[in-house]
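Peer 1: Given next are the chains, with one letter for each unit.
Number of protein chains: 2
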Amino acid sequence: MGLTKKDLFTAEQNEIAMVAKAFAHPARVAILQHLLKANACINSDLVGELGLAQATISQHLKELKNMGIIKGTIEGTSMSYCINPETWLSVKNTFNNLFDRHICCGGEDCC
Amino acid sequence: MGLTKKDLFTAEQNEIAMVAKAFAHPARVAILQHLLKANACINSDLVGELGLAQATISQHLKELKNMGIIKGTIEGTSMSYCINPETWLSVKNTFNNLFDRHICCGGEDCC
DNA sequence: AATATTAATCGTAATATTGCAATATAGTTA
DNA sequence: TAACTATATTGCAATATTACGATTAATATT
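As given, the protein sequences belong to chains A and B, one line each in that order.
For the first sequence, the UniProt record's numbering assigns the number 1 to the initial residue and increments by one for each residue that follows.
For the second sequence, the UniProt record's numbering assigns the number 1 to the initial residue and increments by one for each residue that follows.
It cannot be assumed that every hint is accurate.
Said to hold, decoys possible - Distance condition first, Cα-Cα at most 30 Å in a straight line; then the derived DSBU-like pairs of lysine-lysine:
no., chain 1, residue 1, chain 2, residue 2
1, B, K71, A, K5
2, B, K71, A, K71
3, B, K21, A, K6
4, A, K92, A, K71
Note that these hints are calculated values from the structure, not bench results.
Kindly generate the complete structure, drawing on both the sequences and the hints.
Peer 2: See the structure below:
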């Protein structure tokens, strides 16, 4: 059907899936990488940096902001976006908690 | 249009986006979590565990296998899936390389 | 006030994803 | 070899995502 059956899964599973979507599109990865490098930037910076239309960038920024992974503050005449440090750390921990659960293969084959 | 313009982005950005999709659906997260816990499992285990149809599970397993994040070996009459340790480590490193690029905010506000 | 500048939102089109029933395939067992 | 078991594939249908032009809104600048 194309409708994710969220009710079948745990809150943690839905949470991980939601956060992973922040990274699941190259434009959003590019935006995040640019923010990591530049510390902060505005919509028009990204329109120049990536080759996407202003409306498209704005939409990706909105999604990232809804996920809490970036935040925007009014900077004079424009909106300045940056990484949300608290969420960033939380996302890092969420992923590493998952990554570190793989403990098999202490040398021998595990499957 | 709904068509991701991959050619606008770097190989690394497309790679991260591709890998993130493994985690961007709760059913796939559930499958990976089950594999982390059980070490290995077969399609029918997952059909019982999650509430999805056999065909749907099979499709998610196929995607995860295409991404290289799991691998399947013939185990008697059925197909046994497990985490691919090499890819798992590589994905962990890819994400942490990104996570660790956030170095701002040594106490003061960064944006 | 008229005019830029900047970004958000709306409307729409195209493509992608999700899910499942039905069917196909392959190995196993009676 | 016929029935059974287990999984993959096919063929839809429904929903989600991506992208952009056009419009709107809000603030500066002249």
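Peer 1: Each hint: holds or not?
Peer 2: Checked hints:
1. B:K71 - A:K5: Given pair K71 (chain B), K5 (chain A) holds - Cα atoms ~25 Å apart, limit 30 Å.
2. B:K71 - A:K71: 38 Å, violated
3. B:K21 - A:K6: 16 Å, holds
4. A:K92 - A:K71: Satisfied, since the Cα-Cα distance of roughly 17 Å is no more than 30 Å.
When held up to the earlier numbered hints, the structure conflicts with hint 2 and nothing else.
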